[in-house]
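> Chains A and R, in that order, are what the protein sequence lines are.
For the first sequence, position 80 (counting from the first letter as 1) is numbered 122 according to the numbering used here, and the numbering increases by one without interruption.
For the second sequence, position 274 (counting from the first letter as 1) is numbered 316 according to the numbering used here, and the numbering increases by one without interruption.
If you're looking for bench data, these hints aren't it; they were derived computationally from the structure.
Being a predicted model, the structure only gives us computed values, none of them experimental.
Just to be clear, a hint being listed does not mean it is correct.
The list makes no distinction among identical chains, and a pair is therefore deemed to hold if it is satisfied within one copy or across any two copies.
Calculated pairs, DSS-like style, for lysine-lysine (alpha carbon to alpha carbon, straight line, at most 27 angstroms) [said to hold, decoys possible]:
(1) K404 x K332
(2) K80 x K287
(3) K485 x K352
(4) K384 x K126
(5) K352 x K449
(6) K332 x K384
(7) K484 x K71
(8) K203 x K410
(9) K45 x K126
(10) K204 x K404
(11) K287 x K123
(12) K485 x K71
(13) K176 x K404
2 protein chains.
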Amino acid sequence: MKKYDVVVIGGGPAGVTCAISAHNTYPDKSIALIRREKTALIPCGIPYILHSLNSVDENILPDGLVANNGADLIIDEVVEKEEKVLKLKSGKDIMYDKLVLAVGSASVLPPIKGMEKVGVFHVKKDRDYLAAMKDYTKKANNIVIIGGGYVGVEIADELLKKGKRVTVIEMMDRLLATTMDQEFGAKAREVLEKAGGTILVENKVSAILGDGRVSGIQLQSGENLNADMVIVSTGARPNLTLASKFGLAAHPRHGIWVNEYLRTMDKDIFAIGDCASKCDFFTGEFSSVKLASTAMAEGRLVGSNLFEIKVVRKFIGVLGSFSTKINGTSFGTSGLTEEKAKDMNLDYIIGEAETADRHPGKLPGATKIHLKLVFSRYSHTLLGAQMYGGDSVGEMVNMLSVIILNKMTDMDIDNLQIGTHPLLSASPIAYPVISATVDAIKKWYDYIPKKELTNRLDSRKKH
Amino acid sequence: MKKYDVVVIGGGPAGVTCAISAHNTYPDKSIALIRREKTALIPCGIPYILHSLNSVDENILPDGLVANNGADLIIDEVVEKEEKVLKLKSGKDIMYDKLVLAVGSASVLPPIKGMEKVGVFHVKKDRDYLAAMKDYTKKANNIVIIGGGYVGVEIADELLKKGKRVTVIEMMDRLLATTMDQEFGAKAREVLEKAGGTILVENKVSAILGDGRVSGIQLQSGENLNADMVIVSTGARPNLTLASKFGLAAHPRHGIWVNEYLRTMDKDIFAIGDCASKCDFFTGEFSSVKLASTAMAEGRLVGSNLFEIKVVRKFIGVLGSFSTKINGTSFGTSGLTEEKAKDMNLDYIIGEAETADRHPGKLPGATKIHLKLVFSRYSHTLLGAQMYGGDSVGEMVNMLSVIILNKMTDMDIDNLQIGTHPLLSASPIAYPVISATVDAIKKWYDYIPKKELTNRLDSRKKH
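Construct the entire structure; sequences and hints are all you get.
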């Protein structure tokens with residue numbers, strides 16, 4: 043029986059990152075990565091298979107990432123475990139010393155009548171399935187997308203670029219509802235509508251119509267819509283089959299329970315990425331946010347800490363940092379939205395700024411960038427940032443994540459030295475991160491009962 | 043005689059930012075900004091007047107920035123000061139309570155024979171002068187740029203886009219020599235040469251030739267080159283005329299002496315921006331780096347602290363954060379270069395990464411991004427970052443500045459949650475800031491004498 047020091051189950055970005063990190067930290071240890079799929083995909087690239095990429099095969103996570111980083115890649119499926127021996131579908135047994143579960147998540151399929159009809163697809167991380175889905179879009183003209191989260195919106199954008207008629211149906215009151223505030227959801231709607239999309243919010247699909255093949259949908263509001271294809275993107279749930287076989291504590295929505303170092307109830311088994319439980323950066327409560335940004339940090343941490351805690355975790359919890367691009371407008375968010383701040387009963391101040399992302403604004407390629415910051419009114423720390431604008435949003439959101447993670451205050455941000463360049467960024471005088479911070483400081487400053495403070499000082503002087 | 047609570051002298055970005063900040067913090071105070079020039083320019087936009095912008099007037103710092111932010115804009119020149127009364131060229135007197143000098147810097151003109159000839163220009167922040175310079179480029183075909191710092195390189199790039207023959211002559215061994223390491227200077231050279239430019243390094247112009255009008259230059263190496271226009275960009279020196287009239291301590295190269303809160307020897311006079319002395323973030327020594335990123339932070343700080351210290355300064359010293367774009371390739375730098383680390387006798391480790399800035403790399407618009415990080419080998423803190431790549435460099439450099447300012451270590455960076463998106467950023471598995479950090483960690487880790495540590499532990503166990 044083959045024995046490895048480290049076995050990673052799952053070949054998505056979390057598993058691959060963990061295997062690389064393990065090899066970097068423990069170059070003398072033997073490492074295997076077991077993957078069920080013949081081909082691994084880049085999850086966040088999946089929407090772009092439909093138009094921007096020529097084929098599914100342009101969206102592949104290369105096997106070399108594993109093999110060239112000192113790990114054996116085994117295409118097989120783990121079906122059971124006895125002590126430290128993994129039983130594979132092929133009949134082989136593999137022994138491990140440390141085990142990492144990086145088995146990801148799968149689409150949640152809503153209980154809608156007619157989901158089995160030809161022409162209904164969901165976002166499955168499977169090469170052949172997605173190739174068939176791409177193929178199907180060629181014949182489809184009238185496509186309904188169920189779910190207006192960022193995956194649904196990205197798919198809609200791709201299909202609109204292909205010239206399809208696209209309708210997005212969202213249960214909540216806006217697009218991107220779980221990650222961004224009202225005005226950003228409205229902006230996403232505006233840019234999708236500009237591209238020709240139809241958006242129906244506060245609505246649900248009650249049935250998929252058609253005789254074997256999709257011909258339309260029925261809405262909860264009563265209406266019927268014609269459609270020859272339906273794509274479901276209503277979120278994902280952790281894959282828990284193995285965890286349950288292995289007797290590990292897990293929650294159906296939050297995933298396999300792990301401690302701060304991503305260790306499960308079994309001290310030699312770790313879980314990372316979409317399948318592992320997470321807590322929120324701000325509240326410490328369970329978080330069901332599933333993002334590559336978190337999964338990658340977990341993969342690196344576990345890879346380094348398999349045999350001893352080398353990398354001490356400084357920042358815990360899911361920050362929820364992500365970006366997307368819809369019909370040429372980029373969106374980014376990190377940390378708390380205003381809505382979440384309200385939910386938490388948090389005493390906050392909002393700072394806002396809008397400015398051109400080139401200076402002077404007459405330079406070619408200049409786009410307006412709109413930024414909203416959420417500060418703690420008493421603690422003065424930055425807690426959240428949302429923005430839309432040009433491509434620079436992609437890295438500005440990461441800058442803001444670093445600021446939030448470091449618990450920097452409005453005054454700290456005011457002290458920042460920000461590099462700007464006419465062809466690359468906003469004017470130094472109107473740099474949005476600073477301007478929005480100053481906007482918050484002004485509001486906060488207005489709030490101080492100055493008179494009262496002065497009186498107190500005056501009365502002190504008198505004594 | 044008119045009296046203001048605050049008078050700012052100088053209408054560049056530092057002065058304007060300071061006036062805005064003063065008005066935001068002290069809305070009840072009267073503020074005036076005195077500017078010599080009829081029109082104020084955006085300094086970093088000046089190279090782009092030559093091609094990307096249609097005219098100098100597209101590169102103007104709008105007067106409204108001052109007027110709409112509660113300050114009086116006075117176009118006049120301060121010639122003398124008696125106690126707290128400023129004597130203006132127009133004959134008017136203005137009294138101040140707090141005074142801010144934001145009088146900037148002026149080009150250093152090297153002592154070359156023939157500098158007075160028609161067709162020799164330098165980078166003067168003057169509307170009419172620059173309009174004449176832009177005009178002159180129309181007739182010129184063969185342009186020599188003296189100085190290969192970032193202004194010289196940006197001007198070269200603009201003129202090459204205009205279809206001119208351009209030669210850059212640089213005294214040091216590479217382009218961008220004071221701000222970036224060898225390989226980045228080489229990359230800047232490569233992209234400028236690709237655009238058709240000629241670069242001569244380790245060379246100097248000994249004379250400008252021509253009968254009244256420029257016809258060529260003589261190099262120190264002996265050669266003569268034909269040229270019908272010469273643009274000098276060999277750095278800048280602080281404007282010290284007023285400081286010297288006011289009796290303030292100043293150094294010809296480093297500027298007006300100021301304390302940590304930018305206050306001069308006179309407790310009611312502050313100095314900010316290019317005219318003010320600065321110390322280096324790492325060494326505390328005088329720094330002669332002149333960057334908008336620093337000037338803006340100073341302007342905001344002084345504006346808030348004029349009447350009392352409200353914003354406590356947490357990070358002092360010039361970080362040297364900037365970005366530029368040459369022939370489509372963006373460059374960024376923040377903090378220490380490897381060369382400066384060596385000069386400081388600093389025990390460092392380099393981490394490097396190169397990756398596509400889209401994922402998968404097959405997506406349209408993908409560009410390679412190359413990142414080099416300088417870490418303290420013992421303290422583990424990030425001290426410097428240099429990069430080139432696509433436009434995302436513009437904000438990535440600011441993210442790295444925030445990391446450096448927060449004295450984050452390699453392990454802190456490894457713990458970061460980085461948002462990535464196929465259309466906006468590198469793959470989460472190969473995000474350059476993380477990859478380069480891991481590269482440094484690996485080198486550092488290799489260095490630990492593991493055997494020795496193990497032996498010590500073993501011997502301890504034995505007792």
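> Evaluate each hint against the coordinates.
Consistency of the hints with the structure:
1. K404 x K332: Only across copies: K404 and K332 sit 25 angstroms apart there, 40 angstroms inside one copy, limit 27 angstroms.
2. K80 x K287: Classified as within; 23 angstroms inside a copy, 78 angstroms across copies.
3. K485 x K352: Between copies only: 15 angstroms across chains, 44 angstroms inside a chain, cut-off 27 angstroms.
4. K384 x K126: neither (47 angstroms within a copy, 50 angstroms between copies)
5. K352 x K449: Classified as both; 24 angstroms inside a copy, 19 angstroms across copies.
6. K332 x K384: within (22 angstroms within a copy, 43 angstroms between copies)
7. K484 x K71: For K484 and K71, the Cα distance is within 27 angstroms only across copies (15 angstroms; inside one copy 56 angstroms).
8. K203 x K410: both (23 angstroms within a copy, 26 angstroms between copies)
9. K45 x K126: Only inside one copy: K45 and K126 sit 10 angstroms apart there, 83 angstroms across copies, limit 27 angstroms.
10. K204 x K404: This pair counts as between: shortest inter-copy Cα distance 18 angstroms, intra-copy 32 angstroms.
11. K287 x K123: Result: close within a single copy only, 8 angstroms intra versus 84 angstroms inter.
12. K485 x K71: Answer is between: at 18 angstroms across copies they meet the 27 angstroms cutoff, but 56 angstroms inside does not.
13. K176 x K404: For K176 and K404, the Cα distance is within 27 angstroms only across copies (17 angstroms; inside one copy 40 angstroms).
Against the hints set out earlier in the document, a violation occurs for number 4 only.
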